[in-house]
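Engineer: Chain by chain, the residues:
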Amino acid sequence: MTINPATVDPIRRDTSSRRIGRFVRRHEENVWRVSGRTASLIPVAALLFVVVVLAVKAWPAIKVNGFGFLTSTAWLPGNTYGGVEHVHGVMIPAGARYGAWPLIAGTLQTSAIAIIIALPISIGTAFALTERLPRWIAQPVGFFVEILAGIPSVLIGLWGVLVLGPFLAHDIYPIVANNVPNVPVLRYFAGSVGYGEGLLTSGLVLGLMIVPIIASTTRDLFLQVPPLPKEGAEALGMTDAEVARRVTIPWVRSGIIGATVLGLGRALGETIAVAMVSGSVLGAIAPNVYGTMTTIAATIVSQLDSAATDGTGFAVSTLAEAGLLLAVISIVVNLLARFIVGRSSRMSAPVGRS
Amino acid sequence: MSIVTTGYPKTGWRRVKSAGFRVFTWGSLLFVVGPALWLIIGVVVRAVPNWRWNVLTTMSQGTSGGLANAIVGTAVLMLGVLVIAGTVGVLTGIHLSEFATSRRGRASGGTMRVAVDVLSGFPSIVLGYVGYVALCVGLHWGFSLLPALIILSMMVVPYIAKSTESALRQVPTNYREGAEALGMSTGYALRKVVVKSALPGIVTGLLIALSIAGGETAPLLYTAGVTNNLPTWSILHHPIAYLTYYVWTDWNQPSAEAHIVSFDASLILVVMVLMLLVVARVIVARTQRHAEGAR
Numbered sequence: 001m002t003i004n005p006a007t008v009d010p011i012r013r014d015t016s017s018r019r020i021g022r023f024v025r026r027h028e029e030n031v032w033r034v035s036g037r038t039a040s041l042i043p044v045a046a047l048l049f050v051v052v053v054l055a056v057k058a059w060p061a062i063k064v065n066g067f068g069f070l071t072s073t074a075w076l077p078g079n080t081y082g083g084v085e086h087v088h089g090v091m092i093p094a095g096a097r098y099g100a101w102p103l104i105a106g107t108l109q110t111s112a113i114a115i116i117i118a119l120p121i122s123i124g125t126a127f128a129l130t131e132r133l134p135r136w137i138a139q140p141v142g143f144f145v146e147i148l149a150g151i152p153s154v155l156i157g158l159w160g161v162l163v164l165g166p167f168l169a170h171d172i173y174p175i176v177a178n179n180v181p182n183v184p185v186l187r188y189f190a191g192s193v194g195y196g197e198g199l200l201t202s203g204l205v206l207g208l209m210i211v212p213i214i215a216s217t218t219r220d221l222f223l224q225v226p227p228l229p230k231e232g233a234e235a236l237g238m239t240d241a242e243v244a245r246r247v248t249i250p251w252v253r254s255g256i257i258g259a260t261v262l263g264l265g266r267a268l269g270e271t272i273a274v275a276m277v278s279g280s281v282l283g284a285i286a287p288n289v290y291g292t293m294t295t296i297a298a299t300i301v302s303q304l305d306s307a308a309t310d311g312t313g314f315a316v317s318t319l320a321e322a323g324l325l326l327a328v329i330s331i332v333v334n335l336l337a338r339f340i341v342g343r344s345s346r347m348s349a350p351v352g353r354s
Numbered sequence: 355m356s357i358v359t360t361g362y363p364k365t366g367w368r369r370v371k372s373a374g375f376r377v378f379t380w381g382s383l384l385f386v387v388g389p390a391l392w393l394i395i396g397v398v399v400r401a402v403p404n405w406r407w408n409v410l411t412t413m414s415q416g417t418s419g420g421l422a423n424a425i426v427g428t429a430v431l432m433l434g435v436l437v438i439a440g441t442v443g444v445l446t447g448i449h450l451s452e453f454a455t456s457r458r459g460r461a462s463g464g465t466m467r468v469a470v471d472v473l474s475g476f477p478s479i480v481l482g483y484v485g486y487v488a489l490c491v492g493l494h495w496g497f498s499l500l501p502a503l504i505i506l507s508m509m510v511v512p513y514i515a516k517s518t519e520s521a522l523r524q525v526p527t528n529y530r531e532g533a534e535a536l537g538m539s540t541g542y543a544l545r546k547v548v549v550k551s552a553l554p555g556i557v558t559g560l561l562i563a564l565s566i567a568g569g570e571t572a573p574l575l576y577t578a579g580v581t582n583n584l585p586t587w588s589i590l591h592h593p594i595a596y597l598t599y600y601v602w603t604d605w606n607q608p609s610a611e612a613h614i615v616s617f618d619a620s621l622i623l624v625v626m627v628l629m630l631l632v633v634a635r636v637i638v639a640r641t642q643r644h645a646e647g648a649r
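Protein chains in written order, with the working numbering: chain L, 1 to 354; chain P, 355 to 649.
Extracted from the complex, chain L is given alone in its bound form (with noise of 0.2 Å):
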């Protein structure tokens, strides 16, 4: 009986498909690895090649605004027509004058309105889909709160000055404004109500736009509290608002915070909808909580038509460093809330690679 060598020992044969294999099985991991690293410097690229066109076309406006362009009211484009100036060797139109105060004011109005309302909105909200309603209908109850998150921002602008703005206008901010006493503060809440598109309308939207991101977030939060101590200040005779503001909330305390600054900076950037029920009045503050105003972002989406027929390139400059201006802004707060949510979910237990 003869032995057929083939048949023998299939392992040692070493033939060319199994050498292919092996080679692609050693080399796979660099595949990977080197696929993984070229896509992961695109993001660095794209974020340089942003801020170097920021940077570039927003020069010409900082030099010939100066610090003014923070505290000035001024919009006023020029005579794009006419003549020309030279200031600071950049060719202007002759007479523009550009101040950002009101579009910074407006945008940290409208952002702490929409904080202010939608914080507590949040936790509220978040309790109730915990600890109120039964597991069956708290699941779709927050998936539905989840959807709103990414409703988009046109749809949600459409609502704001059809529906929402005209409703409060008529039915709702007459009431407040014919009843408040005339102490500070209260005071911005006297006076014309104006037709629905303004500062307080534009704050609620924001506030609407971000209770999904700040309401799902602290509702994970919640989830993650061990009963234990809330079961242990019940046993000590605490009632159920008692041990929400003693240990639910103390507990998660960081992340509700990065998470309300995340919704921040949502606030500070969004565009569309503010766009749309802002009033988009520019050089002017809001007189009172009604009144119409507009936002850095707004401003950009609204004037960057008309500024692209400024023939010496100044208009689209100006709008260059208002985009600068806010890139900084929600930079920084984005950059802080990812700090406080990465401090706050380093205590939880890791899950796979740390």
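By construction, these hints were calculated from the structure, which means they are not laboratory data.
Note that the structure is a prediction, hence the values are computed from the model and not measured.
Keep in mind that the hints are not guaranteed to be accurate.
Claimed, not checked - Lysine to aspartate or glutamate pairs mimicking DMTMM-like chemistry, simulated, CA-CA at most 25 Å apart: (1) P:546 - P:534; (2) P:371 - L:231; (3) P:516 - P:531; (4) P:546 - P:531; (5) P:516 - L:28; (6) L:63 - L:85; (7) P:516 - L:146; (8) P:550 - P:531; (9) P:516 - L:29; (10) P:550 - L:28; (11) P:546 - L:29; (12) L:63 - L:305; (13) P:550 - L:29; (14) P:516 - L:220; (15) P:371 - L:305; (16) P:546 - L:28; (17) P:371 - L:131; (18) L:63 - L:310; (19) P:550 - P:534.
Chain L is fixed; fit chain P onto it per the hints.
Structural biologist: Just chain P now, with coordinates in the frame of chain L:
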């Protein structure tokens, strides 16, 4: 759920505070769910009475006509974002989760992580401005598909990278150790075990990123332009229509026809986004059930 309230406080003030807290939580829920329902129902009741099915098949004539060009345009944009941002984002996520660790096992890849974080915080209109100034005007590409895709991708790549990274991190360490014990090479184990079991999470992130891309307006206004025609095969110099443009421009036009176009586009957007989010949710729910069943 875990709290079973047994005794109510007898004294007045604590009782009042407890009741007030209850009213506050229920009221908050109402203030979130109410406006959200109001919004969605508001869009539907405005669009449905005047809905004509030929909106889906006829071209737009600016403030009247159909939306076929915008629907195809949005689909093309979403497909392009899926290809560009999907590839870059998923690979970046894999890199951040699997390879961006130093020898001592500490997380590194600092520059990339910071870049992703900063990019995710960039206001979308500022990205749109950069696209307009640098790509459409600076490189003479004009309003066209490529600058729009680049800017949209910049917006959603951080999101995809982050969701991919967290999906990969949730793969149990046992899986990796098991793969290594079976003698799999690192790359093979990554493809066959790690990425495969993280796939539902990655797909969910992609779907949500698609819904973001399909619903964006600000970065597209000055990069994509608009046209009454279907998208062409050229990615430069030819503007491309998209649904959100018609919502944004037609709602305050004088004619009733323009309003109908605006509301129809809103309805299509709502349906599209809801479908994407529901599919994403179903994937999450199914994989969670499987994970629990396996235990």
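Engineer: All hints are to be evaluated individually against the structure, with a verdict given for each.
Structural biologist: Checked hints:
{"no.": "1", "hint": "P:546 - P:534", "verdict": "holds, 12 Å"}
{"no.": "2", "hint": "P:371 - L:231", "verdict": "holds, 19 Å"}
{"no.": "3", "hint": "P:516 - P:531", "verdict": "holds, 24 Å"}
{"no.": "4", "hint": "P:546 - P:531", "verdict": "holds, 13 Å"}
{"no.": "5", "hint": "P:516 - L:28", "verdict": "holds, 24 Å"}
{"no.": "6", "hint": "L:63 - L:85", "verdict": "holds, 14 Å"}
{"no.": "7", "hint": "P:516 - L:146", "verdict": "holds, 18 Å"}
{"no.": "8", "hint": "P:550 - P:531", "verdict": "holds, 15 Å"}
{"no.": "9", "hint": "P:516 - L:29", "verdict": "holds, 21 Å"}
{"no.": "10", "hint": "P:550 - L:28", "verdict": "holds, 15 Å"}
{"no.": "11", "hint": "P:546 - L:29", "verdict": "holds, 12 Å"}
{"no.": "12", "hint": "L:63 - L:305", "verdict": "holds, 23 Å"}
{"no.": "13", "hint": "P:550 - L:29", "verdict": "holds, 15 Å"}
{"no.": "14", "hint": "P:516 - L:220", "verdict": "holds, 18 Å"}
{"no.": "15", "hint": "P:371 - L:305", "verdict": "violated, 54 Å"}
{"no.": "16", "hint": "P:546 - L:28", "verdict": "holds, 12 Å"}
{"no.": "17", "hint": "P:371 - L:131", "verdict": "holds, 17 Å"}
{"no.": "18", "hint": "L:63 - L:310", "verdict": "holds, 18 Å"}
{"no.": "19", "hint": "P:550 - P:534", "verdict": "holds, 16 Å"}
In the structure shown, a violation is registered for the earlier hint numbered 15 alone.
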